[in-house]
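Novice: Given next are the chains, with one letter for each unit.
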Amino acid sequence: MTITAHPTMPVENYGSPMKRIVVLGATSGIALEVQRRLARDGRELLLVARSPQRLAEVQADLLVRGARQVVTYSANLGSIPQHAGVFEFARRTFPDFDTVLLAYGSMYDQKEVETSVDLLLDELQVNFVSATAILTLFAADLERRNMGCIAAITSVAGDRGRRSNYVYGSAKGGLTLFLQGLRSRLHPAGVRVITVKPGPVQTPMTDHLSNSSRFADPEAVARDIVRALEQRAPEVLYTPRIWRYVMSVVRHIPETIFKRLAF
Amino acid sequence: MTGHSAAVSKQQTRTPHFTKRVRSWGCYPTAANHYVHKPAWNDQIPLILGSSSSESLLAYGLGRSYGDSCLNTGRELIDCRRLNRILGFDEQTGTVRCEAGVSFSDLIDVFLPRGWFLTVTPGTRFVTIGGAIANDVHGKNHHCAGTFGAHVRQIGLYRANDGLVICNQDDNPNMLRATIGGLGLTGVIAWADIQMKPVAGPWMDVEKIPFQSLQGFLDLSRESNESFEYTVAWLDCFAGRNLRGIFFRGNHAAAAGRLYRRERGPKVPFPLPSWLLNRYSVKLLNQAYYKIHSARNGVSTEGFDSFFYPLDSIRRWNLLYGKRGFLQYQCVIPETNVAAFEELLDRIARSGMGSFLGVLKQFGAAQPAGMLSFPRPGLTLALDFPMRGERTLQLLGSLDEIVLQSGGALYPAKDARMSSKMFDASFPNWRSFVPFIDPKMSSSFWRRVTEPR
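As given, the protein sequences belong to chains A and B, one line each in that order.
My numbering applies: residue 1 is where the first sequence begins, and numbers increase by one.
My numbering applies: residue 1001 is where the second sequence begins, and numbers increase by one.
Fair warning: there could be bad hints in the mix.
[Unchecked claim] Cβ-to-Cβ under 10 Å is the rule here; a few derived chain B residues that face chain A:
no.: 1; residue: ASN1042
no.: 2; residue: ASP1043
no.: 3; residue: LYS1291
Simulated from the structure, these hints should not be mistaken for laboratory data.
Idealized CB from N, CA, C, for every residue including glycine.
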């Protein structure tokens, strides 16, 4: 017996123009949930991630769940020389893509990055350097076409440097600033730029943290992200929403006090 | 970048592994520490199997087993909930291939709108495919559809020494029969091909009939098994020899019907004080339930959720029994032995310890799909007992005697306490199952019932 995936299309688009989405880091914990929601709405997806085997599994799943089309491309997004290939493939298969979601990231144990410069550079490379590099390629294309939306997952950790997580935080904080400037630059072209700042989420990236069972559910985070993509949420999205208030307090604690806080 | 390649290889070989307190649905035995793997991809399973010591692993799904058959105290669990991808669907045959952690709830959400439903479903939608296979679960249609395992066409099973083993009727048929109902001991299920069935829509034609004796139940059941796909009864276990209950029978409605919306019910926020459910409050609840349903008897159309999954409307209802938890007792007794069944009910009624949720069902004569399948021809009773220490265990022990004498059996998925003698009597051929156990797998339940005492 052969078993094939098949497309069906229960479409519920909320009048959003979003049709073709490129996901960079399609096998990350949050991306998986976002993609399921997009599939259920009958969208078309181009998935980029490292492992061809895992991409094939995700592709099959999304097709059964209703995605109209799912194309995959295997690349290591942390490696900038591979970006041109990713971008060319996206242009060729989805010449009129309208949404780009950057969802990959890595987090090492803070204690390890404090003692290993290699790991430190790798964390900055993956979360900041490579992310800004690939977004620059896609931004130029959307700007030229005067349409679309770029969304990238940063983190509440980027709002303030904390002793327990400042390397990851600085990379994500850098990405947040980059997106802020990009938003302003692309505004005249009508391209929306969404900064997604999740609090801690239960994904494979955070399993090693001791209190991970109390983290947010990736499904809830994905729901908020899809809302933002559909223009039903602010362009700077804190998810779950409580983090907007928590972080506005955290940002305002005077540095003389903050440096003494052990979190 | 050198740093990057080092990090990449680290990420691919790391199988994360954390100490967590895990409990089963009955909250008895109390939560114990396990080392938990949380794979997100099937390709990580061989790494976990390869890096663990012998008799150390057990796959874990949504934790709906009541006792210790889903636990592996002090050893390792593989949390399969992230392995929840549907890998394909054949619209001609209605066969779906999914990973072990796909839940019935998810399958319903994806396939019911397209006119497909689960061929066999237990009383909750929050179970995984892996758990349903490992326990060879049954439902209200056992008399015409058999168990869930009868609709499993093929299984891809990771085994520590053999890699991925494909099991179906032609290849490794014995491994297939061992894995169905095999309590997760034969390996880790990578994926399974499941037969779905076509339905017109989400609605059920349901009939409720009160009955006042065991004979009344048997008559209703025999009469209904011909023309109704689903039959089950709720039982007031406080009524003793003056047995009473409500008989439910139903079929899928023939028309798609109006739009269906799933209602989200309340959630039990924390373990409630355990004195809340006592013999008086439960007696009242049972009386109220009987009165309400016997007043509303007759034919009606209801949504599939309230027919198949009434308890799912209260999320985490297991916490109603408090921190000490509860034990569910599910046995099957041959139909020729109605007297033993009456004795059982009488013993429960006299103890005053039974609870609100008594369920009675007549199993059909289907051949068991697995080597250790529980369902067999006879009457099955499932009943919750709040854990009240030694006297609860003593009562259940005395029920065991009746079941043993009658030639019946107990259901491992519900059990936290049966003796090895009881297990031996329930599954006399368990020794022929032993060669199929994967050397890396074990469970608290298995060690308890097979290790000589």
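Novice: Hint by hint, say whether it matches the structure.
Specialist: Hint check results:
1. Interface restraint check: ASN1042(B) against chain A, minimum CB-CB distance 7 Å, threshold 10 Å, status holds.
2. Evaluation of the ASP1043(B) hint against chain A yields a held restraint, the C-beta minimum of about 6 Å falling below 10 Å.
3. With a least beta-carbon distance of about 40 Å to chain A, the hint placing LYS1291(B) at the interface is violated under the 10 Å criterion.
Hint check: a violation occurs at hint 3 only; the rest are consistent with the structure.
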